[in-house]
Amino acid sequence: MEKRYWKGVEELNNTPEFTRLRDNEFFEHLPVDEVLNKKAASDSSTTRRDFLKFLGFSVAAASLAACDAPVKKAIPYVSKPEEITLGIPNYYASSYYDGTDYCSVLVKTREGRPIKIEGNDLSGVTKGGTNARVQGSVLSLYDSARLTSPLKGGQKSDWKTVDADIIAKLTAAVSAGKKIAIVASSNASPSAKKAIADFSAKYTTATLATYDAVSYNGVVKGNEMSFGKAIVPSYSFDKAEIIVSFAADFLSNWISPIEFAVQYGVGRKLRNGKRTMSRHIQVESTLSLTGSNADSRYKVKPSELSSAVAALYNKVAALAGGTSISAGSSSFDKAADKVAHELWAAKGKALVVSGSNDPNEQVLVNAINNMLGSYGNTISLDSTCNLRSSNDGAVVELMQAMNAGQVGAVIFWNTNPVYTMPSMSEAIAKVGTKISLSDRNDETASKCDYVCPDHHYLESWGDVEPYTNRYSLMQPTIRPLFNTRQAAESLLKWAGVQVVDYYTYVRANWEANIYPKQSGMTSFEAFWTKSLQDGVFAATIPASTPATFVGNVADAASKLMKPSAGADVVLYEKTGIANGNQANNPWLQELPDPISKVCWDNYFAILPAYAEKLKVVQGNVIEVKVGNTAIKGPVFLQPAMADNTIAVAVGYGRTAAGKAGNGVGFNAYPFVTLSNGSLSMIAANATVTKTVEDDHTLAATQTHHTMMGREIVKETTLSKWLRDSKSGNEQELIDSPYGKKKPEELDLWATTEKPGFDRPNHSWGLGIDLNACIGCGSCVVACNAENNVPVVGKDEIGRAREMHWIRIDRYYSSDTTKENAGEKGLGKLSMYGEMEKPGSDNPEVFFQPVMCQHCNHAPCETVCPVAATTHSSEGLNMMAYNRCVGTRYCANNCPYKVRRFNWFKYSDNDQFPYNMQDNLGKMVLNPDVVVRSRGVMEKCSMCVQRIQYGKLESKKAGRRPKDGEIKTACAQACPTNAIVFGDFNDKNSEVNNLFKDPRSYHLLAELNVQPSVFYQTKVRNKN
Amino acid sequence: MHKESELRPPLILGEKTWHDITEDVCRPVESKANKWWKMAFTVSVAGLLWWIISVSYTLGTGLGVWGLNKTVGWAWDITNFVWWVGIGHAGTLISAILMLFRQKWRLSINRSAEAMTIFAVICAATFILSHMGRPWVGYWPLPLANQFGSLWVNFNSPLVWDVFAISTYFSVSLVFWYTGLIPDFAVIRDRAKTKWSKRIYTILSFGWVGTAKNWQRFEEVSLVLAGLSTPLVLSVHSVVSMDFATSIVPGWHTTIFPPYFVAGAIFSGFAMVQTLLIIVRKVLALEDYITVYHIDMMNRVILITGSIVGVAYITEFFIAWYSGVEYEQYAFINRATGPYWWAYWSMMTCNVITPQLFWSSKLRENVFATFIISIFVNIGMWFERFVIIVTSLHRDYITSSWTMYHPTWVEAGIFIGSLGLFFTCFLLFARVFPVIAMSELKTIVKTSSEGAKKKSNQSNH
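Protein chains in written order, with this note's numbering: chain A, 129 to 1151; chain B, 320 to 780.
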């Protein structure tokens, strides 16, 4: 029998109530009739008054609802992507390479947005290091000046039209027998090189001219002349016991600065029982970042630098038993003998480098290195550096061809000659079809017929081979923001190469050419996945072998630059802006120059004594004229420069970079001249005239330059330190009724308890090794990115209101010290006056990164009326922005002056048109960190969001956080590992070990504020 | 009846009767404003408008419109705050301490001095609010019950002590002042001829009828309030000084600050009283009540407190040297010889040298000289606070952060505007409130007036 189920007892009994309910759709009677019936309506109890009341209420309610905040579109994932969990960052390995800097990076993405660049520890080249430019590059992705589609004749167009046009024009150029020129910066990408080859196969008249605004042609040609190889060798600064650099700014710009900074740091650090450090001698005209780190520094006028190299050659040759060459005289001559002896003593472990772009000078440098046995030890010609392949000769030839009307089409790839090379901009006017692959309508692109905007590297596929057999992959971390196309893909498209996309092309290239170089993995898929995940792949690195020097030293010496009689102009690159390709990046513009501390400007830097001779003061606008090139700009008084020298940074004075970069400073590239077939950064025999123009204000973050005899940066020399590991760090004890005591042992209240807060679980802290810090500013930009630090612009910097949470203080030594004031017959008042002046001749330079010291006896915490800044049980000094009322008492009472006040609403304020002010720029914000409002105080939080994240991760894994697992942004960005973060409660942590070192000290320890940050004495390797 | 020596100078000149006093004091309230008042009022209101514009601009845009920076977090704002609070102190000293000491000469000046206190504290309070980054949450330093979670104020912070000190000071001063006004309001009420003034003064006088019981209660309340106010004279500026003294900024961290600040406050307060009353006695024709003797007495206070302040300045230098602390020594050398040397020497000239001129009785009794010197003292005391705040902050421990401070027009606007606010209040006060405590003054007519002394002189012969 079929089973029956009842919905309830009612159905079983079939009660009348149940039947009624079952038959009616609605449970209760609906008053439909009453509503529709006119009579019923008139009988209704709803009066006119009631109606008006309801009407009034509804209108009020509707208007109130309309007053709500505007609706922001936040679209949730309908189906969750497998790899994205909201709130959890993803990291992708990629590579940064823009023709100047190379860095293997990890890209941190949040909800699909790249927001931070970290160094990739797996890289054998950059080893986890970064620099300011790489750190800042993530902001360039969200640059509103980027083109959103291809341009044709300056108008927006589409790829189809542009491609068809270009193919037609290129084909026409080839059939007319005219050249097609590709003007590109140095290119180290195997796949891109292959793409160019494919392009050249289709368009047979295509030629490549590698043009770098700041050229390394001298190194390439110099090696060709010396060893028959037109390459850039690889250098090992870590293996060198003595480094002599002739104006090579290898920590900031020269060849591969991140890699060299990492290596340099290895040689400089005195950690883990290492008791030796490299000796660094710098011979230069301007005060570079590298020179300011040197143990000994010699000042030489720019046009005498070649003579200085020749002088050293002669001295080394004398020791090696070689013949001497004719050399001009320079102010280095007296020191040359001593330096030569030092080098000779470290034979095989010495390294001499030169920043010159003159091949002949490079030949001499190679010859010196050859005599010192550097090849095979500190320099390798076998593993070549592909990062710089400038070919100035090809550029000159191309310009001649252009002027002769032989060039039918030109393609500009990652280069901007209209801005960097005025003579080129005249020549390209004579070219039929001009195509730019620039990501923005820059100075060159705006003169081109077609602009085919390239992806940003964070949207791109690609690869780099920085050194022989070292490979590095680039992968997109976000879908292209705009209708752009990768430059190499454009070339392939025009070449008619049938590929799906550039990804396939790169992958195919790796399968064909790179996969066979390894044997560990048996499937390409596995190899590709691993390479992509690691970001790098290293095949067998060729062993470094001694080289045979075949150069003609005497010939090279005869062609060297002769010392000039007058003033010389020397061009240099700043640590932030470099050659100017990221000029529209407000983080980099606002990064203080490591030496001058000036932001948002370039200037003519001259020695104060020279300024006196010229009768100019800082801010005066002068006109500097070399040949027919005259440029006006403000004067900056730079101690430690060579006399009769005017140093000026390139990369400024952009006119079509974007709203942040346009009109910042002035363009100094016109001073670049062709000399010995190379683009020279030195222009001799300049004349200087003071103009009548109004003074120019330079905005600097630091306006006082000496330590005034205070022990802010403690220093010693290597020999003293070897005798006494506490040398330079003798702590002053305080007289008390209980005898001489350390400050932290004294308390106003007699107490048996341990003073300060308990830190039972963790006690976070930072150790900063002043011996390893090179002052590069990588940490500053990393902190900006990590902590949503606002950019405030030049005016606000000029008012001393920069918002950086970490700053790098730069001090000069002064001629007068407290010790020698008596000998000089100075009274106390005049002593202080004299101590304010940086050393007149060649002062030493000190760098000191300063962030919130997270005092455990914090002066800021006690004075806040509303308890907005308080102490955590983990040794952190915390800020509750929402509680802050903005009395600024904490900032006044901070002895380190690290607190930053929001004077304005720095976000959403068109007074500050930078990254936080448009929706695109806001994509870079770190969602883990609050964007601060107007009127509140902010400061370094020791990246509390990272600490919290690390703690949660380890908690999930059921363990304590491992040492080194959590890193602050500054510590992570540091190429020399000068900043170490860790837990003092972990007895084996690196930070604890460093703290036990006798070099460790607390800044202003005598105040007994008990900071969680400590410093380590700077040791100079000199007598 | 109490009899006073004829050698003592009379406190009321002319042979005044009680009725004369009533007439003289009520005249400004009952008559129409003269052109001098109108001119002064116009200028003051213009200043007030400038103040409103400057403050609104600051509130609307952000504190960035001031010249402060990362190193100098306080400058004109707190300078002005301390200056105004200090000025207020003379009123309280006159009405409380001089009352307890039974100094009769206070009776002609206490009313205006107290009014000055109230208005000065109001001006000071505006700087507390406007210097905040987020003044719309300016009530947070008050220990109020709230729903923000278990949030309480930080009782360690001197700024919280300041909140208590200033608010207590303001409320006690206001009550004290008003209590004294009640019998005088009753007099105006009784003399009022129009309906509205009658009504208003009826309300203001709280039903005073002048019975013996009224007077007895009045005396008791006055005494109690004087007792309450007396410690405030010393405590308020001590607490204000602790805003600096409890910090670790070299030049601020000084135990001498509380007495030094109190002396400075009384010094500046009396100078301001002089500045105001020399004008008031002229404009409102009250020379018979605010006599040269009064001016002389106040000049003596200025001389004493000015000397205390001078000694304090020198002591600070001595202690800086004696401490052997580098930062402390540099802070003081920098004050005198650094980039702000002009501010320091303005302060020294105005505060230490000019009051010493008052050793000469001729100058003490010279109204014009007093007026000029009182202005100097006002300027000097403003510079004192500027010197303490700005020159200490702009070069403290870490030399890399040393910087300069340059004020903007907005800060100048708020300062000059606060003078406008002050004088607007004071001029309104002079028109609608009795500027001399006439009921109390009448108590000494029989003993200390010129008339009484003449009479007693005659009866003795």
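Read the hints as simulated data drawn from the structure, not as lab findings.
Hints may contain errors.
As the list claims (entries may be wrong) - Quick look at which bits of chain B chain A covers, simulated, 3 or more residues with Cβ under 8 Å:
id, segment
1, 375 to 383
2, 472 to 480
3, 555 to 567
4, 682 to 696
5, 711 to 724
6, 769 to 776
Predicted model only: the values in this text are computed from it and were never measured.
We treat Cβ as the ideally placed atom computed from N, Cα and C, and that holds for glycine.
Structure-based check of each hint:
1. Chain A is given as covering the segment 375 to 383 of chain B, and this holds because 4 residues of the stretch bring a CB closer than 8 Å to a CB of that chain, at least three being needed.
2. For the segment 472 to 480 of chain B, the proposed coverage by chain A is satisfied: 7 residues have a C-beta within less than 8 Å of a C-beta in that chain, meeting the threshold of three.
3. For the segment 555 to 567 of chain B, the stated coverage by chain A holds: 4 residues have a C-beta nearer than 8 Å to a C-beta of that chain, and at least 3 were required.
4. Residues of the segment 682 to 696 of chain B lying with their CB closer than 8 Å to a CB of chain A number 0, which falls below the three-residue condition for coverage.
5. For a cut-off of 8 Å, the count of residues in the segment 711 to 724 of chain B with a CB near a CB of chain A stands at 11, and the three-residue condition holds.
6. Counting residues of the segment 769 to 776 of chain B whose C-beta sits closer than 8 Å to any C-beta of chain A gives 0, which falls short of three, so the coverage hint is violated.
Taken one by one, the earlier hints fail for this structure at numbers 4, 6, listed in ascending order.
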